[in-house]
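S.K.: Listed below, chain by chain, are the residues.
There are 2 protein chains.
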Amino acid sequence: MVNEKDVSGNLHWRINVPDGTTNVLVPESGIVDKVWLELNGVLGGLRLKVWRFLLKAWDLAVAEPKKAIHALKVGLALSIVSIFYYMRSLYESVGGNAMWAVMTVVVVFESTVGATLYKSINRAAGTFLAGSLGLGVHWIAYKSGEKFEPIIIGISVFFFASAATFSRFIPSVKSRFDYGALIFILTFSLVSVSGYRVGELSELAYDRLSTIGIGTSFCILISMLFYPIWAGDELHRLIYRNLEKLADSLDGHVLEYFKDNEAVTEDNCPAKEIKGYKCVLDSKATEDNWAKLARWEPAHGSFNFKHPWKQYLKIGASMRSCAYCIEALSSCMESETQTPAGIGQLKKHLSNACKTTNKYSSGILRELAKTIKTMTKSSDMGSLVWEMNNAVQELQNSLKSVPIGLIAPTPEDTDDGKVESFITPVVEVLPVTTLVSLLIENAARINGIVDAVNELAGQVDMKPAPQENSKQYKPSSDTPH
Amino acid sequence: MVNEKDVSGNLHWRINVPDGTTNVLVPESGIVDKVWLELNGVLGGLRLKVWRFLLKAWDLAVAEPKKAIHALKVGLALSIVSIFYYMRSLYESVGGNAMWAVMTVVVVFESTVGATLYKSINRAAGTFLAGSLGLGVHWIAYKSGEKFEPIIIGISVFFFASAATFSRFIPSVKSRFDYGALIFILTFSLVSVSGYRVGELSELAYDRLSTIGIGTSFCILISMLFYPIWAGDELHRLIYRNLEKLADSLDGHVLEYFKDNEAVTEDNCPAKEIKGYKCVLDSKATEDNWAKLARWEPAHGSFNFKHPWKQYLKIGASMRSCAYCIEALSSCMESETQTPAGIGQLKKHLSNACKTTNKYSSGILRELAKTIKTMTKSSDMGSLVWEMNNAVQELQNSLKSVPIGLIAPTPEDTDDGKVESFITPVVEVLPVTTLVSLLIENAARINGIVDAVNELAGQVDMKPAPQENSKQYKPSSDTPH
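As they're listed, the protein sequences go chains Y and H.
Quick note, the first sequence lines up with residues 100 to 580 if you use the numbering used here.
Quick note, the second sequence lines up with residues 100 to 580 if you use the numbering used here.
Just chain Y, same shape as in the assembly (with noise of 0.2 Å):
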């Protein structure tokens, strides 16, 4: 018996055995069909996830050019180098070794100019210091005799290998000649294994440093001439930018908490900006990275050579002290979901000392991220640390006057029945208080990176900015000066 039947779109024959199991008949046309739609499907995803790693791709581009910009610096040096090679005819004079300079271009060309200059320096010095030892130590093994050749030159590389391998993991190494190590060992390993069938070391080490000169310093023209991407300018820009969001985010919760208070409106409580601390959590290793690599930088745009960065590793270590406090500050909103009755007022009374403290305190910030950015000593800094400073003792102050019943009235008035509606367990209070001691604390850290930064004006001998300027950060006009 033969059935015929459509499930789901596919045609099948279905066969009742003698044995009373059925047997289906799929079709040959309908395996290719599923193998087809299967591999269409397949084939589809694939598509769809180039074109989504594309848009990705171009999203990046068009957020930050300056990275496709790299590549293209990168293709043209290549280009160069490669042409270079093609049209003097240069393979016959300079050998193998036109690759060198290929190499070097590829490894040593980075987004920045001061990797770009750590990494070059490091190569030239790396392979200028191993070959040197590494001719000597041949010209010693040579002098030993055939015997001894061989075992000298192998624990020579065994044991500079393992010296090398090893100072990169001493910090103060790591920090400044890691790549020059690794150079270093692959340099000295070359020379002893090549120079040992070769013979022609000398020319072969001259070779080899003439190429990666030629390499290193296209790499260095290029990334300084064309646009060129300062690691310095990174880091300096990524501090005032985190000075900015770290005043945004205080600024955000502390409007975000008084808000029931009055009204507020969109644009003085920004969502989308209240969670900016986060960045300056997380950007720790970045910075050591571009600190790192701006000590290499010469001087550039308003930058000297000896530019303290270490001291832009300070700034940043204070701010994220500032940004582990608006965190807690953060979570401490949180906690709070609902506000019960008595908090309301206690709310109310301290909202406006809160506020004060919180407009000096960001002011602050947004007045140090433009000192920074413009690198000119505020001239209102000062007075903006008196008034932050008074109003954390003007919140203070408000602590101490809070009208004593609205907190934990005696058991007394309670049981006279006189102050019930202001009875409130000192539990529920506890994330407004919170809240204060956090925006004292938080003071007390902005004080820190002020003195950073006065250290950095100090180290750098800022100007003053000009007056006309300054007054665009303070704070709105009801403050006296």
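Read the hints as simulated data drawn from the structure, not as lab findings.
A few of these clues could be false.
Note: identical chains are not told apart, hence a pair may lie in one copy or across any two.
Unchecked claim - In silico DSSO-like cross-links for lysine-lysine, where the CA-CA straight-line distance does not exceed 30 Å:
hint	residue 1	residue 2
1	LYS133	LYS148
2	LYS148	LYS166
3	LYS391	LYS273
4	LYS409	LYS148
5	LYS409	LYS391
6	LYS499	LYS166
7	LYS148	LYS273
8	LYS391	LYS148
9	LYS166	LYS273
10	LYS155	LYS413
11	LYS409	LYS273
Based on the hints, put chain H in the right spot on chain Y.
M.R.: Frame of chain Y; chain H shown alone:
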């Protein structure tokens, strides 16, 4: 008139000239002496620096012997490769490509197995891909005639180098294939440049691939067989050690804060462990790096190939959020420089509840550390969490039952002089209430870590721990179970 004077051990000749001035005649030997002294000083300083550097290196080697062992492994691998090329006389057959094997060993051999595998696989894949693509482009260029050949090659180098460089900025590529993209650019450029000249491209490509194959498999074998250092193990150890540090730090803070109330022995309050939370704050970059490398590692120890390393990052993030809280707690302790009279009593009142909360909090952290360390589910965790949440509730109750006059008596009471000795403005109890608030918040965050670890336990299907061991980390015996 001539005076002879012995000034600070040196002989000076002083001549009073007729115009009344005095000339000092410094003998020739004095200059030599001075130069010698200065040189000696410089040399001594250098000797001292080198000596200090060596001492630092020695200390590092003693503190982390695996770093020294890794250095010896690299030395060993390089010596073997060098000797291999010497003994087998392979130089003639493999040609100048012997150096690719050496170079591969130097560049690919990293301290962890994960990093070595990551670099090996990336290097092999990048070389293979770029080699094939380079051959294809070269064939097209060759077919299109002598005139277009350099143009096609130049453009293709520009295009592929730019695209690959740009792809290194895309996070998903950067985290997995950064090194592969670099090697892709390198190989493609080399094939283009040298291929154009040599004409024996496929042989070159075969040679390079085979030497890279020899080098990488050699590195992988040595790094996995002799005293392997697994990135996964490092991440694993970092996470549970950080949990222990958090527990110690939390204990240290709370015991330090409440130590006025009872005798605290040195064992209970170790000052050096109190700052342990700072390690947790700074370990994000390390965790990210190790998680990135651990993905490449095969099954080892108690970890399978697809071990959920990403979950460790989640645990790390929740630990950091806990560390932020301890940081705030630490500063709140520091801000309380002198204890006003009224606080003492409040502290005493809250002391027990705080200590109990802390006991369970740090107990949970230690239990979590043990859970991760042994990869076995703790049978006590549920009850510990329950106890901690109970303790938090208890703490909140203690706050509710704070003798009310202690905190803030009503003005009437004060006027009566009844509770004068209890008068404490709200501002003075701020540190205590903030500390309590942060302890409560910290307990909530510890619940977050518990959730993250439970998720991990579910993902790797942890077995329950044997009962007798699980007693080890339980807080002191007065815990009702």
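S.K.: Take the hints in turn and mark each one as holding or not.
M.R.: Quick rundown of the hints versus the structure:
1. LYS133 - LYS148: within (22 Å within a copy, 74 Å between copies)
2. LYS148 - LYS166: Only inside one copy: LYS148 and LYS166 sit 22 Å apart there, 41 Å across copies, limit 30 Å.
3. LYS391 - LYS273: both (10 Å within a copy, 21 Å between copies)
4. LYS409 - LYS148: between (43 Å within a copy, 22 Å between copies)
5. LYS409 - LYS391: both (9 Å within a copy, 29 Å between copies)
6. LYS499 - LYS166: neither (55 Å within a copy, 58 Å between copies)
7. LYS148 - LYS273: between (39 Å within a copy, 17 Å between copies)
8. LYS391 - LYS148: between (37 Å within a copy, 22 Å between copies)
9. LYS166 - LYS273: Both: 26 Å inside a chain and 13 Å across chains, each within 30 Å.
10. LYS155 - LYS413: between (35 Å within a copy, 25 Å between copies)
11. LYS409 - LYS273: Both: 16 Å inside a chain and 27 Å across chains, each within 30 Å.
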